[in-house]
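Undergrad: Residue numbers for the sequence shown follow numbering that gives the first Met the number 0, so the first one is 0 and each next one is one higher.
One thing to keep in mind: the hints can contain errors.
Stated by the list, open to error - Heads up, simulated DSSO-like pairs for lysine-lysine below, C-alpha to C-alpha not over 27 Å straight-line:
no. : residue 1 : residue 2
1   : 19        : 2
2   : 16        : 2
3   : 2         : 24
Simulated from the structure, these hints should not be mistaken for lab results.
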Amino acid sequence: MMKMSIGQTIEIIYLDKAGKITQRKIEVNGIRDGRIRATCLTTGAPRVFLAASVLSWQPAQERRHA
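Could you put together the complete structure from these sequences and hints?
TA: Written as structure tokens, this is what we have:
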């Protein structure tokens with residue numbers, strides 16, 4: 000099982016409180032009490048995600064410039 004860490008950029012599939020499933024790329028700022036504090040890299044906004052609502056995650060793929 001992978002372990003996310005502070006400062007890591009990850010991609011998540013998340014079930015929000017309205018029941019909508021979204022995919023986001025985030026930078027993890029902190030993990031505590033079942034909550035993940037992060038910066039959403041799409042909007043640049045700080046967000047808090049419930050760890051129990053993260054359906055899947057993986058380290059973000061870096062974009063390669065040609």
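Undergrad: Against this structure, judge whether each hint is valid.
TA: Each hint tested on the structure:
1. 19 x 2: holds, 25 Å
2. 16 x 2: holds, 24 Å
3. 2 x 24: holds, 16 Å
Taken one by one, the earlier hints all hold for this structure without exception.
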